[in-house]
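2 protein chains.
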Amino acid sequence: MKFRVKNLAIGTGNTMIALINYIDADKYDLHFSDRVRIRKGKREIIASIDITDSHEIVLPGQIGLFEEVYREIRTRDDDIVTIHIDEKPLSLHYIRKKLDGHKLKYDEMKAIVDDLIKNKLTDVELAYFVASTYMHEMTVDETVALTRAIVKTGETLRIKSKIVVDKHCIGGVAGNRTTMMLVPIVAAAGLVIPKTSSRAITSAAGTSDTVEVLCDVCLSKDRMESIVNTAGGCLVWGGAVNLAPADDKIIRVERPLSLDPLGQLLASILAKKKSVSATHLIIDIPIGRGSKTESKKKAYLLKRRFENISKKIGINTRVVLTDGTQPVGNGIGPALEARDVLWTLQNSVRGANDLKEKSIMLAGEIFDMVKKTRKGEGKKLAREIVESGKAYLKFIEIIKAQDAKIIYPEQIDIGEFSHAIESPRMGRIAHVDNKAVNRICRIAGAPHDHGAGIYLEVHKGDLVKKRNKLFTIYSNSKERLKYAVEAVKYLEPIEIKAV
Amino acid sequence: MKFRVKNLAIGTGNTMIALINYIDADKYDLHFSDRVRIRKGKREIIASIDITDSHEIVLPGQIGLFEEVYREIRTRDDDIVTIHIDEKPLSLHYIRKKLDGHKLKYDEMKAIVDDLIKNKLTDVELAYFVASTYMHEMTVDETVALTRAIVKTGETLRIKSKIVVDKHCIGGVAGNRTTMMLVPIVAAAGLVIPKTSSRAITSAAGTSDTVEVLCDVCLSKDRMESIVNTAGGCLVWGGAVNLAPADDKIIRVERPLSLDPLGQLLASILAKKKSVSATHLIIDIPIGRGSKTESKKKAYLLKRRFENISKKIGINTRVVLTDGTQPVGNGIGPALEARDVLWTLQNSVRGANDLKEKSIMLAGEIFDMVKKTRKGEGKKLAREIVESGKAYLKFIEIIKAQDAKIIYPEQIDIGEFSHAIESPRMGRIAHVDNKAVNRICRIAGAPHDHGAGIYLEVHKGDLVKKRNKLFTIYSNSKERLKYAVEAVKYLEPIEIKAV
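Residue numbers (my numbering), protein chains in the order written: chain A, 121 to 619; chain B, 121 to 619.
Here chain A stands alone, though its shape is the one from the complex (with noise of 0.2 angstroms):
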């Protein structure tokens, strides 16, 4: 078959495409996602067929070639273009096999991940494969199978250490701050701990977005090494290096529905750890009321594959399950976060004690770990690294490898409006709801609005007078101030119980 490029003067972002009149789709058998080696001179291309109803962007007999599309084999309009069928992709084969619920091997998921990559699978295609792994939940083989092919398939960082430290935190609690801290209390013990977080999805922010209050969080993979080299930690937006970039794109077609599946969300997680080199993990699973796992059957769960899955691909991973019904620190928002990790750092009586003796404990759990410490003394070592002072110095250090533009947290905007919550009647504070707090930070304008969040004046447990502040939003716009206020009515974020 032969064509009349017209060059489309837009990508996909993704697939190969390429686009013909419905009427040669009927003419040639051609169908939406068939593979067509297109081929211009001595280059060749295979791209996923789409097909047009309308004559005003391909008439029959063009061919629309997207920009990925015509970059590569150099068309310009009215070129000719020679078309063939081929077959479609192996992976398509081991997509539907797991649709089929039989279970993948390393090289059929290697084969899935690969296509992936190089964008040689459809959105759809792709939606079919998270599909099938939701339906058909990953045994742990696929899982470790899944997480070694996307490291295989992403840079991996060179750390010039045999042991290198990361962290997770399942997240669902606000202002949980804790990697922050535990940066530098590893860093200053003398370990590495090269670590990359994500931004916020749905809380106030996600750690990247409250580093970046104070200093750069944008870094290339190689400034990224030379950090880690350098001052033994850092605190990466892992956006922006190119580690497991397989993921990423499984995450995109994940959201449409805001499907997660349990062995996507493991691989996700691993790989990342995999990616920067780790050889020891220490996970924190906040439970209860309010956090993201509110079972703990769940979080038993999340734990035994976590280390089974690390054991296979060899990290030695410790979890933690951790009180997830509040939140920790005082501070929510990006901004309100950092100034409370300045205040804690510094041992100043306005730092969060619940965020440093958080901190304390699993930096704690890392030093036993690698044995750093004697079993059981982890802890001291810890408490001794942030009331020396030397957790701080560390976090200035890093800080300023990654462009600090702030340092001192009196130098933190806070919002410009505030507006102050007060107790309706006396009582104890019986539940700070971390969904409802993190809700009202985002329609304050968190974490876009860095200055935006809630500063909790009382926690779980407190006793507070009528009229007593409960806490205060913040926010630089007047309107969403009141929004804010607004909403405090319907969501409830504390509970009073009377005494």
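If you're looking for bench data, these hints aren't it; they were derived computationally from the structure. Any given hint could be a false lead.
Said to hold, decoys possible - Distance condition first, Cα-Cα at most 25 angstroms in a straight line; then the derived SDA-like pairs of lysine to any residue:
1) Lys-147(B) / Tyr-603(A)
2) Lys-417(A) / Met-255(A)
3) Lys-122(A) / Asp-197(A)
4) Lys-147(B) / Ile-371(A)
5) Lys-491(A) / Arg-503(A)
6) Lys-223(A) / Leu-382(B)
7) Lys-122(A) / Phe-537(B)
8) Lys-147(A) / Met-121(A)
9) Lys-369(B) / Arg-503(A)
To be verified - Computed list of chain A residues with no C-beta within reach of chain B, every gap over 12 angstroms:
10) Arg-194
11) Asp-227
12) Lys-491
Stated by the list, open to error - Facing chain A, according to a computed beta carbon distance under 7 angstroms, are these residues of chain B, among others:
13) Ile-143
14) Lys-147
15) His-151
16) Ser-153
17) Ala-247
18) Tyr-248
Here a beta-carbon is modelled for each residue, glycine too, at the ideal position from N, C-alpha and C.
Place chain B on chain A using the hints.
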């Protein structure tokens, strides 16, 4: 949020899509497939977000609107539009519900089909729907609900008759053109049969490909109605009329992985029958080696499901299991089949006896069903209609109404080049393989080369001597004929057993 419009002079052919830069996506926390309301003046439209990494298509601050979108809200380049994040459509919750293994009610199924028809679902979302019904097979009630929803969202044929007959064959048998026989037999008996058919997908010819050798098959709904109300029957390509359009959209996303969930298959077939107002339906399921339904068990399951669901949607259905172990008729391929049908209707000695007998049997069942004849006498009436020439005259009336190009078998052009395949030895014909025969015909150029195909000289059970002609391959391309002849060696369409 305000964006500057860039009209992208290309349509998606499907979903309403707005393209933004990844920097804005990050800034406003927008993700692939999020829904947004785009407003310009008083006009507003809901679109799905897609995100581009490239700065060459849309810059930060710009929004790229595809043809479908900018036509609707009438924007020009550089217009300013306001964007609000919208809730995702309810149908997505229902798709997720089905993915999670729950059953869907009619209202939920209807919401999915409604959004599908209105282009509110992306391909990825639709793929999740197909995957959900593939992995959690639809119940009878769900299939009924889907069928009703598909019918409701399409047009329905207006037929001036209380009894409307229809026919369906599961396919897979080469040359099986009973529809072209049945329509004139049934119409000649004074019944109404508004038949739509499909084109070939994997076979040498679909009914519509063969009818097209003789007359026009692309009729509008209005013209189809008028022909049926006058002649009693028609032979139309289903793709040209807007009956059950949801079905085509579903089939489109099934294709990449060749998925065909049973419930979707049943709903797809029965919705089309309901759309032509069918009251009585005969379904032919060919069974046995080389057919689509090789197992009897599967055939009986299909039979029960068809009868069950038909009853619930108000169609009186009879399912007949027929011999699918060899082709029906002598010619395979559009022109060769069209010639067979004409010869058979003319009661010519060159007619195909198996085609005639099968058609008479099926017509007899219909006459019994609608009580046209006394019980058991339907076949007698059918034979009388064929052998008296009434069926032939009715056929000519119908194809003339459809702008016949050819009415005599001698006018039909068979492929210019041919090659006869001879028996390598003496023996009895043990098997004629439908799949192999179809494959060879397609290699020779069928169905797009109408003249390409196979003319069988022998059938199962026949005795042959060495060098007896087994069949002839025809093609209008010397090269394709060569490939088809070579394919005979490895596809082995005919098995001969020593006697």
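Checked hints:
1. Lys-147(B) / Tyr-603(A): The hint holds at about 20 angstroms.
2. Lys-417(A) / Met-255(A): 20 angstroms, holds
3. Lys-122(A) / Asp-197(A): Since the Cα atoms of Lys-122(A) and Asp-197(A) sit roughly 14 angstroms apart, the hinted pair holds (cutoff 25 angstroms).
4. Lys-147(B) / Ile-371(A): 18 angstroms, holds
5. Lys-491(A) / Arg-503(A): Holds, at about 17 angstroms.
6. Lys-223(A) / Leu-382(B): 23 angstroms, holds
7. Lys-122(A) / Phe-537(B): This hinted pair holds, its Cα atoms lying about 24 angstroms apart.
8. Lys-147(A) / Met-121(A): Between Lys-147(A) and Met-121(A) the Cα gap is close to 11 angstroms, so the pair holds against 25 angstroms.
9. Lys-369(B) / Arg-503(A): Distance of about 62 angstroms is beyond 25 angstroms: violated.
10. Arg-194: 16 angstroms, holds
11. Asp-227: 19 angstroms, holds
12. Lys-491: 41 angstroms, holds
13. Ile-143: 11 angstroms, violated
14. Lys-147: The hint holds - Lys-147(B) has a Cβ within 7 angstroms of chain A, the shortest such distance being about 6 angstroms.
15. His-151: At about 5 angstroms, which falls below the 7 angstroms cut-off, the nearest Cβ of chain A leaves the hint on His-151(B) intact, so it holds.
16. Ser-153: Hint on Ser-153(B): holds, closest Cβ of chain A at ~4 angstroms, below 7 angstroms.
17. Ala-247: Holds. Min distance 4 angstroms.
18. Tyr-248: 5 angstroms, holds
Of the numbered hints listed earlier, those contradicted by the structure are 9, 13.
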